[in-house]
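**Student:** Based on the provided sequences and hints, a complete structural model is requested.
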Amino acid sequence: MYNVSQEQLETIDVVLKEDLLSIGVHCAIIIDVAGNTIAHLDNGLCSFDAVSFAALAAGNFAAVDAMAKLVGEQQFSLHFHRGENESIHFSKVNEDILLICIFGQDVSLGFLRLKTTEVIDKIRLIWGR
Amino acid sequence: MGFINVKKKEVQIKIVYYGPGRGGKTTNLDYINKKYKQRIKTEMVSIKTHGDRTLFFDFLPVDIGKIHGFDIKIQLYTVPGQVKYNATRKLVLKGVDGIVFVADLQKERRDSNLKSLEQMKENLLTHNKDVFKIPLVLQYNKIDLKGQGIPLLTVEEMEQDLNQELKVPFFVGSALAGDNVVETLKKIISMTLISFRKELQ
Amino acid sequence: MGNGAEKIKELKAAILAIEWEITDEAMDNLTRTIEPLKEQWVGKKPLLVCLQVIGTLGQYIKKAREKAHPDAINLLHSVFATLETVITDEGMDDGRKIFLVRGAVEKYNNLKTQLAKRRKEPGRESPAGKLGGGAPSVAGQGGSTIRDLMEQKEDQAVDGAFNTIFQEMVSDDRAGAQSVPVPPAMPSVGDKAGPDAKEVVLARVDDEEFPEADSLLDDFFSEDGLAFSIAEAKAEKETHADETVEVDLGQIVVKKEKTAEPERPFERIEEEEITVDKLARIIQNMKYGISATLLKQLSEEIASLRSQHPDHYSVSLFMEVIAAVGRHLGTYGDVAADLSRNMLQTVYDRLAHSLFTMQPQKNLLSSHLETMHDFSKWHEQVVAELAERAAAGAKRELSAEMEETVKSIVRREVNQLRQELLEVIEKTKKAEES
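Chains as they are written, first to last, in our numbering: chain E, 621 to 749; chain A, 114 to 314; chain S, -10 to 423.
Treat each hint with caution, since some may be false.
What follows is a set of in silico ranges between Cβ atoms, one per label pair, in the way DEER data are often shown [stated by the list, open to error]:
| id | chain 1 | residue 1 | chain 2 | residue 2 | range |
| --- | --- | --- | --- | --- | --- |
| 1 | S | P200 | A | T239 | 32 to 40 Å |
| 2 | A | K234 | S | W9 | 40 to 48 Å |
| 3 | A | G262 | S | I263 | 48 to 56 Å |
| 4 | S | L358 | A | K234 | 49 to 57 Å |
| 5 | A | K259 | S | V413 | 46 to 54 Å |
| 6 | S | A70 | A | K311 | 43 to 51 Å |
Lysine-lysine pairs mimicking DSS-like chemistry, simulated, CA-CA at most 25 Å apart [what the hints assert, rightly or not]:
| id | chain 1 | residue 1 | chain 2 | residue 2 |
| --- | --- | --- | --- | --- |
| 7 | E | K637 | S | K51 |
| 8 | A | K179 | S | K276 |
| 9 | A | K203 | E | K637 |
| 10 | S | K27 | S | K(-2) |
| 11 | A | K179 | A | K197 |
| 12 | S | K27 | A | K121 |
| 13 | A | K246 | A | K234 |
| 14 | A | K154 | E | K712 |
| 15 | S | K52 | A | K121 |
| 16 | A | K197 | E | K689 |
| 17 | E | K637 | S | K366 |
| 18 | A | K120 | E | K689 |
| 19 | S | K267 | E | K637 |
| 20 | A | K120 | S | K267 |
| 21 | S | K285 | E | K637 |
| 22 | A | K122 | S | K276 |
| 23 | A | K299 | A | K246 |
| 24 | A | K234 | E | K689 |
| 25 | E | K637 | A | K122 |
| 26 | S | K(-2) | A | K122 |
| 27 | S | K267 | A | K121 |
| 28 | S | K276 | A | K120 |
| 29 | A | K203 | E | K712 |
| 30 | S | K56 | E | K712 |
| 31 | S | K276 | E | K637 |
| 32 | S | K56 | S | K109 |
| 33 | E | K637 | S | K56 |
| 34 | E | K637 | A | K120 |
| 35 | E | K712 | A | K121 |
| 36 | E | K637 | S | K52 |
| 37 | A | K120 | S | K366 |
| 38 | E | K637 | S | K27 |
| 39 | S | K267 | A | K179 |
| 40 | A | K154 | S | K267 |
Rather than coming from a laboratory, the hints here were simulated on the basis of the structure.
Every residue, glycine too, gets a C-beta built ideally from N, C-alpha and C.
**Tutor:** Have a look at this one:
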């Protein structure tokens, strides 16, 4: 069991808002590998079941991680699903937590990847090692 | 691993139903979901195969209310019971806070119960968890088959097989009829919350 | 022009690689694929302009990395799309081509203006910022750049013009990026993160009781008001099995029964289901800053909830208080803003909790009383702050409105209490008689 301070969570929210929502990401979620939601920020237009989403996302990430090991990779640190209107980008922050971005066609994947790299660095700093 | 969100004042707890295939894990969740559907505001998610077998997991989030100002959010998972899915079972056990082991009372399933419990101990070890330390409840399921000509194990036999060393609380129940389903769940949540208690005060 | 698409195949691949991942290598590759095309297209101004814009943006993005303006990436793709159209559409006349390219350059200049504005923002000042006296002159320079590009004969001049612009863009953003590596609030928090984040291994505790937990569990799993029998459970199980036997491999079955079936009412609760998710989101968003739009959304949502559930007694008090605080923020947003935001959240929490527990009567009374108490405290504070700094006229006006609200809430609450009290007395009497 672990515990994150209110200050940490608020700082994470600020980072998600300033670095991801600001470039047009529809929804940014931080979950742990057990499927718990740690932070969830959206542009006010997303209306899906975030709890189930987190459980499935954690399961999905864990499954792909297990596949990586089967083919001799340490891990696939990035997953990406492209949809017609919404795409999902998963990345690993550290052993415990994942960052998930849901974004539309107006956001360039390449740029999002740059941004998430930056955000992950910041979150690691906040989270502490 | 349970998660305390200080900002939202909530505690997220992961409880996994584990046990041999066709033992009634999903049925336990189904019963809870149906019985308390007005109180459980979210929906149950199942990833299934043909023929209604669990492929990955079932997932049912239940918000039970507040303790010391913290919202207690329980997340119920089942593992797929079929032998071939052990990799998946390991994944679902990641971050588990409490376990309900659903064993099958049928005589012919005796071996499966033993194997499943043994494997669960190993799987927990891969996550650095000790079966003797994690909150755990046993459920001896399918008592509704009694008197239907199907050979069943006695409670003593079950205890001998599964609980001799563990010495954890157990319930004889029927997931299908709902006997002791709620009691099992209440017990495991209560045990898990006790181990969280210090964090909540 | 022959097979135009073939000629820019490599450029397209380089652009797609950037779409996937922005690395130094991908950006250098872009520059490399542009060079041979420049030589091939000597004299074809519209094409060269596009190449220049792509090249310049590419270098800007490479240098600025994650600090780059998001529009720069989008523009890069859109200019390439223009170039692709101009090249592959063989029937297009030159006038049309120039028109399209002009549009692309226009967008480029807009971006440049935005970057100039960005650099003028406080906190982003840098030595390069004093260049040229702000947006208008830069835009003017951009205009002359178009003319240069479209009319000048020397390709060198084209390079020169863009390089200047590029230098401005890059030097500036890099300077900004280096001086502000992380948001101001971050470093200190990072330091504190260690001790605050704790990991605890859960251990089974056999001989301990947790009465609060047990009573909560008893409440939640109580049989009260559950019109549900084992027979039904079985029946439902059977129908459910029928429904899902045909489920495809790996398909996610989200059970919809809950919404399909009418809710069985609990005893003592005659109130209908009420959804406050939207309200939660609005109040949540207010934490990040209060805007006129949010306040409008708040008052609309309250109005709509009220009109949908006119008789929902348990929430009406909360609604009333939220609406009153919202009105205050709308009129004097700067007076006791933090307090008001917290107030909104607290009241919302109580509202959500009363809905959530599904046993509103149990704690509703105390929750209402606490809300009333908070409201009076909040009201006092607002009036005090107004007295301190607002004009006397405004104060009187607000106070009157506030007092009216408080009075109406108190009046209703007292009536309600009286009624409940009477009911209890009635019941006690009956019990005693029998």
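**Student:** For each hint, tell me whether it holds in the structure or not.
**Tutor:** Quick rundown of the hints versus the structure:
1. Taking 32 to 40 Å as the suggested C-beta distance range, the pair S/P200 and A/T239 conforms, at roughly 36 Å.
2. In this structure, A/K234 and S/W9 meet the distance hint of 40 to 48 Å, their C-beta atoms being roughly 44 Å apart.
3. Roughly 51 Å separates the CB atoms of A/G262 and S/I263, a value that falls within the hinted 48 to 56 Å.
4. The supplied range of 49 to 57 Å is met by S/L358 and A/K234, whose beta-carbon atoms lie about 52 Å from each other.
5. Taken as a hint, the range 46 to 54 Å holds for the pair A/K259 and S/V413, whose Cβ atoms sit roughly 48 Å apart.
6. Taking 43 to 51 Å as the suggested C-beta distance range, the pair S/A70 and A/K311 does not conform, at roughly 60 Å.
7. Restraint check: the Cα-Cα separation between E/K637 and S/K51 comes to about 24 Å, which is no more than 25 Å; the hinted pair holds.
8. Distance hint between A/K179 and S/K276 is fulfilled; the C-alpha atoms sit about 23 Å from each other, no more than 25 Å.
9. Under the criterion of a C-alpha separation no larger than 25 Å, the hint pairing A/K203 with E/K637 is inconsistent with the structure, at around 35 Å.
10. Of the supplied pair hints, the one linking S/K27 and S/K(-2) holds, its CA atoms being roughly 15 Å apart against a limit of 25 Å.
11. Under the criterion of a C-alpha separation no larger than 25 Å, the hint pairing A/K179 with A/K197 is inconsistent with the structure, at around 40 Å.
12. Proximity of S/K27 to A/K121 is assessed by CA-CA distance (about 57 Å); at most 25 Å being required, the pair is judged violated.
13. Distance restraint check for A/K246 and A/K234: the Cα-Cα separation of roughly 11 Å lies within the 25 Å cut-off, and the hinted pair is therefore satisfied.
14. Proximity of A/K154 to E/K712 is assessed by CA-CA distance (about 30 Å); at most 25 Å being required, the pair is judged violated.
15. Taking the CA atoms of S/K52 and A/K121, the gap is near 40 Å; set against the 25 Å cutoff, the hint is violated.
16. For the given pair, A/K197 sits about 18 Å from E/K689 by alpha-carbon distance, which is consistent with the 25 Å threshold.
17. With a CA separation close to 33 Å, the supplied pair E/K637 and S/K366 exceeds the 25 Å bound.
18. Our distance criterion of 25 Å between C-alpha atoms is broken by A/K120 and E/K689, whose separation comes to about 36 Å.
19. Among the hinted pairs, S/K267 with E/K637 is consistent with the structure: their alpha-carbon atoms are about 19 Å apart, no more than 25 Å.
20. Note on A/K120 and S/K267: the hinted pairing holds, with a Cα-Cα distance of about 20 Å set against a maximum of 25 Å.
21. For the given pair, S/K285 sits about 22 Å from E/K637 by alpha-carbon distance, which is consistent with the 25 Å threshold.
22. Between A/K122 and S/K276, the direct Cα distance comes to roughly 16 Å. Compliance with the 25 Å bound is thereby established for this hinted pair.
23. Our distance criterion of 25 Å between C-alpha atoms is met by A/K299 and A/K246, whose separation comes to about 19 Å.
24. Restraint check for A/K234 and E/K689: the C-alpha separation of about 22 Å stays at or below 25 Å, so the hint holds.
25. For the suggested pair E/K637 and A/K122, the alpha carbons sit about 21 Å apart, so the restraint of at most 25 Å is met.
26. About 55 Å separates the Cα atoms of S/K(-2) and A/K122, which puts this hinted pair outside 25 Å; it is violated.
27. Only pairs whose Cα atoms come within 25 Å are accepted, and S/K267 paired with A/K121 is accepted, the gap being roughly 17 Å.
28. Annotation: proposed proximity of S/K276 to A/K120 holds, straight-line Cα distance about 13 Å (limit 25 Å).
29. Our distance criterion of 25 Å between C-alpha atoms is met by A/K203 and E/K712, whose separation comes to about 19 Å.
30. With a C-alpha separation of about 22 Å, the suggested pairing of S/K56 with E/K712 holds against the 25 Å cut-off.
31. Distance restraint check for S/K276 and E/K637: the Cα-Cα separation of roughly 12 Å lies within the 25 Å cut-off, and the hinted pair is therefore satisfied.
32. Restraint check for S/K56 and S/K109: the C-alpha separation of about 16 Å stays at or below 25 Å, so the hint holds.
33. Restraint check for E/K637 and S/K56: satisfied, since their Cα atoms lie roughly 15 Å apart, inside the 25 Å limit.
34. Note on E/K637 and A/K120: the hinted pairing holds, with a Cα-Cα distance of about 16 Å set against a maximum of 25 Å.
35. Pair hint E/K712 plus A/K121 holds up; C-alpha atoms about 23 Å apart against a cutoff of 25 Å.
36. At roughly 24 Å between alpha-carbon atoms, E/K637 and S/K52 fall within 25 Å of each other, so this suggested pair holds.
37. Proposed proximity of A/K120 and S/K366 is supported: the alpha carbons are some 24 Å apart, at most 25 Å.
38. A C-alpha spacing of about 41 Å is found between E/K637 and S/K27, which places the hinted pair above 25 Å, so the restraint is violated.
39. Straight-line distance between C-alpha atoms of S/K267 and A/K179 comes to about 22 Å, which keeps the hinted pair within the 25 Å bound.
40. Distance hint between A/K154 and S/K267 is fulfilled; the C-alpha atoms sit about 15 Å from each other, no more than 25 Å.
Checked against the numbered hints above, the structure breaks hints 6, 9, 11, 12, 14, 15, 17, 18, 26, 38 and satisfies the rest.
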